[in-house]
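Trainee: Spelled out from the first residue to the last, the chains are:
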Amino acid sequence: MRGDRQAGSLQLEGVRYRYPGAQRDALENVSLSVNPGQFHAVIGPNGSGKTTLVRVALGALAPLAGSADIDGRPSSRWPRQALARLVGVVPQREDNLFPQRVRETVLLGRYARLSLWGGERPEDHAAVMRALTACDAQHLAERWVWTLSGGEYQRVRVARALAQEPRLLVLDEPAVSLDLQHEMGLFELIRGLVDTEGLGVLMITHDLNLAARFADSLLLLEGGRPIALGAPVDVLTQQTVETVFSWPVRMQTVDGRPQMIPLRQTKESRA
Amino acid sequence: MKWALLVTVAVLALVASVAVGPAAVPLGELLRSDIVWNLRAPRALLAFLVGGSLGIAGAALQALVRNPLADPFLLGLSGGAGLGAVLAIALHLSGPWALPLAAFAGALAALALVYRLGLIGGAALDPRILLLGGVAIGAFAAAITTAIVSLADASELRNAFLWLWGGLSSASWDAVLVIVLYAPIPIAVLLAASRPLDLLALGEEPARYLGADVDAVKRRVYLAASLLTAAAVAVSGVIGFVGLVVPHLARLTWGHRHRALLPAAFVGGGALLAIADTLARTVVAPRELPVGVVTALIGVPVFTLLLRRWTIA
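Heads up: the protein sequence lines correspond to chains A and B, in order.
In terms of the numbering used here, the first sequence opens at residue 259 and continues consecutively.
In terms of the numbering used here, the second sequence opens at residue 2 and continues consecutively.
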């Protein structure tokens, strides 16, 4: 990956956002900073504002108060093409209107680096193959996208974001519907990119245990408010998990990271 | 190879529409014949330009409204243009340009209304509302058109009816010149939007994150495709199915990357309409069929075959 190794810093400062016509804020006073070489995970229950946080961070929504800056410039004021050279995103949803091969869909990641009338250059095709290889998906290159399994498709989408050659990678629930092998494989891949390429990563995930195993820092959201921010061992405690998710858990430590085990309800607690 | 084939078909279509006609012109005298120079040549070129415009506009609009069944006339333009033309006929406006200008004005009015409707949800154009608004505005304009036609006398009625089914019999070098000067700008805008349209096929949010300025692309593509269609309808009336079937056929051969698809839809649309117009003026010679009848008679069976392919795949 090329470019300034320190470029691609994301700073959220006291962000507040409310969707037009909504009764309450979707985000309230959220601050977060993601720098190159760091893996940040955002966790929280459904509807806690995780996806809204990503939209504000990427400038798709402008905060009503506070600021969301990338390299010191408000995200919503970045020209999209320039921002896409710096930040790669794997959004939660997409759909292919037309049939497409894997190589073609990953090549779309090069859009921000192509000139208006020029064709794709050898370096673009090389970047596509590098990205596919990094995601262990090079053997899928000629397959039709709609014949892929959920795990294969997810790796292809990460490859497309990597083909942008970004300095910051943002992923919204990338491991949903993946089996154990592909889920672990994806987290290992992301962690590896952070460690070897110095990429900054902001990942939204439902999986508290994997977030705690792999991320450098966790942000726990509830109802749009930040409940805890910091190292996994400080954020993922029995008290915060039980309060935020309203379910009894037991805590363990694996590789020095906190892991939670949800408990079955007892007769008394059911009553 | 496929490009060579397409260009060959287009050239043959143009040659045929110049060589064939109700008046027999010996092959040796084609280049010296007034019929060829003053009637057939401008008419063949106009058919090619109009068909090409409808083809490229249809291909771009299908990606914009995220519906592979979209047709440039689905967005209300034909209704508006038809109303304008029928008003001009009913008011007995005279002069060679009265009808095209009235139709163009009607199409622009419909375009403006549909565009305004598309902005109803906020500052960004909503393609779903464009589609629904287009159908609504088109139906409304068609209702008023029918009201006017029902009050018109018989000869006016016949003129209006024929106009609504499209025809190139009023083709002239002036009309060709107008389209040659007008069309390159919207066509260039559409070609420049090729790659962003590829991204839009993934959805608006992914397209934005991949670097497309989505709102600007939607605006530009809608306006360029509509302005192109408005000019086509002004000089030739409502010619259906070219903008629907040609992009589909082009997708089968060229795939879905708009950098190849849009030019192919232009050349293919031009070739199809040149052939259709040749048929329209020869099969019942010396009388003439509205060319929209011929494109529908060709287009509907092709379209049915395509639908069949789709449901199997």
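Simulated from the structure, these hints should not be mistaken for laboratory data.
Hints should not be assumed to be uniformly reliable.
Label pairs and their in silico Cβ distance ranges [what the hints assert, rightly or not]:
hint, chain 1, residue 1, chain 2, residue 2, range
1, A, D382, B, A286, 52 to 58 angstroms
2, A, S373, B, D216, 18 to 24 angstroms
3, B, R117, A, G305, 33 to 39 angstroms
4, A, L372, B, W98, 21 to 27 angstroms
5, A, R359, B, D154, 36 to 42 angstroms
Beta carbons: idealized from backbone N, C-alpha and C, even for Gly.
Trainee: Holds or violated: 21 to 27 angstroms for the Cβ distance of L372 (chain A) and W98 (chain B)?
Mentor: Distance hint for L372 (chain A), W98 (chain B) is violated at roughly 43 angstroms.
Trainee: Please check whether S373 (chain A) and D216 (chain B) have a Cβ separation lying inside 18 to 24 angstroms.
Mentor: 22 angstroms, holds
Trainee: Does the beta carbon distance between R117 (chain B) and G305 (chain A) stay inside 33 to 39 angstroms, or does it fall outside?
Mentor: 34 angstroms, holds
Trainee: May I ask you to test the hint 52 to 58 angstroms on the CB atoms belonging to D382 (chain A) and A286 (chain B)?
Mentor: 54 angstroms, holds
Trainee: Using the C-beta atoms of R359 (chain A) and D154 (chain B), is the stated range 36 to 42 angstroms upheld?
Mentor: Given a distance of about 60 angstroms, which is not inside 36 to 42 angstroms, the answer is violated.
When each numbered hint is compared with the structure, violations occur for hints 4 and 5.
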